[in-house]
Amino acid sequence: MTKYTEEHEWIRLEESGFAAVGITEHAQEQLGELVYVELPEVGSQFAKGECTGVVESTKTASDINAPLDCEIVEINSPLEDEPELVNRDAEGQGWLYKIKIQNSSQFEELLDEDPV
Amino acid sequence: MYRTALYPIYQEYQGKLVEFAGYEMPAQYDSGVKGEHLWCREHAGLFDVSHMGQAWLVAQSGSQVDALAAMEELVGADLQALSPGKQQYTQLLNDRGGILDDLIITRCEKYSDRLYTVVNAACKERDFAYIEEKLAGRVRLEHLEERALIALQGPEAVSVAQKYFPGVEQQSFMTWQIFAWNVPPASAALEAAKVEVYISRSGYTGEDGVEISVPNEYALTLARLLLAEPAVKPMGLGARDSLRLEAGLCLYGADMDETTSPIEAGLQWSIGKRRRTAGADNFAGAEVILRQITERPSRKRVGLDIQGKAPCRAGVAVYGENDEKLGEVCSGVLSPSLEKPIAMAYVKASHIAIGTAVWLELRGKRIPAKVCKMPFIAPKYAK
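As they're listed, the protein sequences go chains A and B.
Here our numbering runs 12 ahead of the position in the first sequence, where the first position is 1.
Here our numbering runs 23 ahead of the position in the second sequence, where the first position is 1.
Just so you know, the hints here were simulated from the structure itself, not pulled from any lab data.
Check the hints yourself; a few may be wrong.
Straight-line C-alpha distance at most 25 angstroms; calculated PhoX-like pairs for lysine-lysine [claimed, not checked]:
no. : chain 1 : residue 1 : chain 2 : residue 2
1   : B       : Lys217    : B       : Lys186
2   : B       : Lys403    : B       : Lys371
3   : B       : Lys348    : B       : Lys363
4   : B       : Lys363    : B       : Lys396
5   : B       : Lys388    : A       : Lys71
6   : B       : Lys109    : B       : Lys296
7   : B       : Lys186    : B       : Lys363
8   : A       : Lys110    : A       : Lys60
9   : B       : Lys332    : B       : Lys348
10  : B       : Lys403    : B       : Lys186
11  : B       : Lys348    : B       : Lys396
12  : B       : Lys348    : B       : Lys371
13  : B       : Lys39     : A       : Lys71
14  : A       : Lys71     : B       : Lys363
15  : B       : Lys332    : A       : Lys71
16  : A       : Lys110    : B       : Lys332
17  : B       : Lys363    : B       : Lys388
18  : A       : Lys60     : A       : Lys112
19  : B       : Lys388    : B       : Lys348
20  : B       : Lys388    : A       : Lys110
21  : B       : Lys388    : A       : Lys60
Counterexamples of contact, computed for chain A against chain B with all Cβ distances above 12 angstroms [what the hints assert, rightly or not]:
no. : residue
22  : Tyr16
23  : Glu18
24  : Glu19
25  : Glu37
26  : His38
27  : Val85
28  : Pro95
29  : Asn99
30  : Glu103
31  : Gln105
32  : Lys110
33  : Gln114
34  : Asn115
35  : Glu120
36  : Leu122
37  : Pro127
Please read all numbers here as calculations on a predicted model, not as lab measurements.
The beta-carbon is built from N, C-alpha and C at its ideal position, and this holds for glycine as well.
Extracted from the complex, chain A is given alone in its bound form (with noise of 0.2 angstroms):
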């Protein structure tokens, strides 16, 4: 199942137990082709909105913050080189990173769309 957040970030269980987190294809469209992804080191934690790494297109650079209390479990390290597909399969291939959730009722305040 999916959620999402106020700022176009998309989480997805996953039958792991984990879930995958990436920006939406709405989010994708505004900020236009990417050239850089910053992302978060395996093993760190991060609260809820805290800062995880970033986005950055030719226009605008954009925060990717923590959809809710986790640790950082996998890197889509493919990003590092080819960023461009995140804007190509923004809620498929393009995921940014996988997370162990800390706080799972957090996931259910998160919303059912995104919001556009």
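Knowing the structure of chain A, use the given hints to seat chain B on it.
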């Protein structure tokens, strides 16, 4: 917002529009900034630069040398040494040696009473008023508002241009010529219009190419002919910026302004040799500029070769190894050709030697960088 004569092209090719210098312009088209940039370096790109200011500088005396001598009061270039048909890149200066704009001045061959000039869009009103005021009675400025300007740049640009303007392939770098163009008529029943286009073998990309000045009413016809060529794609402001940065070319407003002198900006080469010895009052700001040539300025624009993959843009602080703040980035981009971040920065004179290690502060992280030569890629100008 203003629109140039080529606005319909932006629509036809789905340009993403932004505001620039009061004009509605395309930032990019479908291929994206990186795609356009790489295409221009391999093939040819067409840029609408009609927003820039074109003007005749007509000698009231009827003699071109008087216009050249008069303009020399406002710039540091040796304009009187220009042969007919030659262009010179230079800067309009104020009394403090600061740069009001950068511009190209051409000694027109066909009309021997005048010069031709192109200035930046954001500055054109101010530049033209400044020239008119300072040179009143000696030079009459005619703003060529009814002409568009199309840049065609890249290794295949001239072979495309010569199909419509045969002979342009013989033009050497930094020359300007008037061509008589027979505009293809809309139908066989109509007569072809004969139009004067002005073509310079120069540009803002580091590639071989031309800039074509054409009357507004024929601008779309010309643009469409060129864009119909398989080698040519339309290009926006985003690619224009990354191309010029790789070529080490300054952007007025970012890399220089009224607080920077040509010496600080690394443009000493554009101050003519004769002008340096002709005394401290022979051009605006000469006193400051000549002193900086002898004593070296306290800061200088340098190129930075940056580690990692993150673009470091204007405003990013530059530090020395001992954490002393040296200056700031004035322009930066992730170079599509080099696949690494590059930047221009004003840095203290103590740290301008090629190879000097510095670091940049980006979002709380230290990014190592080195002072490097500009241009960042080898230019491919015509001889």
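Each hint, compared with the structure:
This hinted pair checks out: Lys217 of chain B and Lys186 of chain B have alpha carbons roughly 16 angstroms apart, not beyond 25 angstroms. Among the hinted pairs, Lys403 of chain B with Lys371 of chain B is inconsistent with the structure: their alpha-carbon atoms are about 31 angstroms apart, more than 25 angstroms. Between Lys348 of chain B and Lys363 of chain B the CA atoms are separated by roughly 23 angstroms; this keeps the pair inside 25 angstroms, and the hint holds. A distance of roughly 15 angstroms separates the Cα atoms of Lys363 of chain B and Lys396 of chain B; the hinted pair therefore holds under the 25 angstroms criterion.
About 21 angstroms separates the Cα atoms of Lys388 of chain B and Lys71 of chain A, which keeps this hinted pair within 25 angstroms; it holds. For the hint pairing Lys109 of chain B with Lys296 of chain B, the CA-to-CA distance comes to about 18 angstroms; that is within 25 angstroms, so the pair holds. Using a Cα cut-off of 25 angstroms, the hinted pair Lys186 of chain B and Lys363 of chain B is violated, with the two alpha carbons roughly 37 angstroms apart. Restraint check: the Cα-Cα separation between Lys110 of chain A and Lys60 of chain A comes to about 15 angstroms, which is no more than 25 angstroms; the hinted pair holds.
For the hint linking Lys332 of chain B to Lys348 of chain B, the alpha-carbon distance of about 23 angstroms falls within 25 angstroms, and the restraint holds. Annotation: proposed proximity of Lys403 of chain B to Lys186 of chain B holds, straight-line Cα distance about 21 angstroms (limit 25 angstroms). Annotation: proposed proximity of Lys348 of chain B to Lys396 of chain B holds, straight-line Cα distance about 21 angstroms (limit 25 angstroms). Between the alpha carbons of Lys348 of chain B and Lys371 of chain B the distance comes to roughly 9 angstroms, so the proposed pair stays at or under 25 angstroms and holds.
Restraint check for Lys39 of chain B and Lys71 of chain A: the C-alpha separation of about 12 angstroms stays at or below 25 angstroms, so the hint holds. Distance restraint check for Lys71 of chain A and Lys363 of chain B: the Cα-Cα separation of roughly 17 angstroms lies within the 25 angstroms cut-off, and the hinted pair is therefore satisfied. Between the alpha carbons of Lys332 of chain B and Lys71 of chain A the distance comes to roughly 16 angstroms, so the proposed pair stays at or under 25 angstroms and holds. A distance of roughly 22 angstroms separates the Cα atoms of Lys110 of chain A and Lys332 of chain B; the hinted pair therefore holds under the 25 angstroms criterion.
Only pairs whose Cα atoms come within 25 angstroms are accepted, and Lys363 of chain B paired with Lys388 of chain B is accepted, the gap being roughly 17 angstroms. Restraint check: the Cα-Cα separation between Lys60 of chain A and Lys112 of chain A comes to about 13 angstroms, which is no more than 25 angstroms; the hinted pair holds. Taking the CA atoms of Lys388 of chain B and Lys348 of chain B, the gap is about 15 angstroms. The hint holds against a cut of 25 angstroms. The suggested pairing of Lys388 of chain B with Lys110 of chain A holds, with an alpha-carbon distance near 23 angstroms, which does not exceed 25 angstroms.
The suggested pairing of Lys388 of chain B with Lys60 of chain A holds, with an alpha-carbon distance near 22 angstroms, which does not exceed 25 angstroms. Separation of Tyr16 of chain A from chain B is adequate, the least Cβ-Cβ distance of about 25 angstroms exceeding the 12 angstroms criterion. With a least beta-carbon separation of about 22 angstroms from chain B, Glu18 of chain A lies farther than 12 angstroms from that chain, consistent with its non-interface assignment. No beta-carbon of chain B comes within 12 angstroms of the beta-carbon of Glu19 of chain A; the shortest separation is about 17 angstroms.
Listed as outside the interface, Glu37 of chain A is consistent with that label: its C-beta sits roughly 17 angstroms from the nearest C-beta of chain B, beyond the 12 angstroms cut-off. Distance check for His38 of chain A against chain B: the nearest CB is about 16 angstroms away, which clears 12 angstroms, and the non-interface claim stands. At roughly 23 angstroms from the closest C-beta of chain B, the C-beta of Val85 of chain A stays outside 12 angstroms, upholding its exclusion from the interface. Not every Cβ of chain B is farther than 12 angstroms from the Cβ of Pro95 of chain A; the closest lies at roughly 8 angstroms, contradicting the non-interface assignment.
Separation of Asn99 of chain A from chain B is inadequate, the least Cβ-Cβ distance of about 9 angstroms not exceeding the 12 angstroms criterion. The non-interface label for Glu103 of chain A is consistent with chain B: the shortest C-beta to C-beta separation is roughly 20 angstroms, beyond 12 angstroms. Residue-level check passed: Gln105 of chain A sits 18 angstroms from the nearest beta carbon of chain B, beyond 12 angstroms. Against chain B, the non-interface label of Lys110 of chain A holds: every CB pair exceeds 12 angstroms, the least being about 21 angstroms.
Distance check on Gln114 of chain A: its Cβ is at least 24 angstroms (rounded) from any Cβ of chain B, clearing the 12 angstroms threshold; non-interface status holds. The non-interface label for Asn115 of chain A is consistent with chain B: the shortest C-beta to C-beta separation is roughly 26 angstroms, beyond 12 angstroms. Distance check for Glu120 of chain A against chain B: the nearest CB is about 32 angstroms away, which clears 12 angstroms, and the non-interface claim stands. Interface exclusion of Leu122 of chain A from chain B stands, the closest Cβ pair being 26 angstroms apart, more than 12 angstroms.
Every Cβ of chain B is farther than 12 angstroms from the Cβ of Pro127 of chain A; the closest lies at roughly 23 angstroms, confirming the non-interface assignment.
In this structure, the earlier hints numbered 2, 7, 28 and 29 are contradicted, and the remaining ones agree with it.
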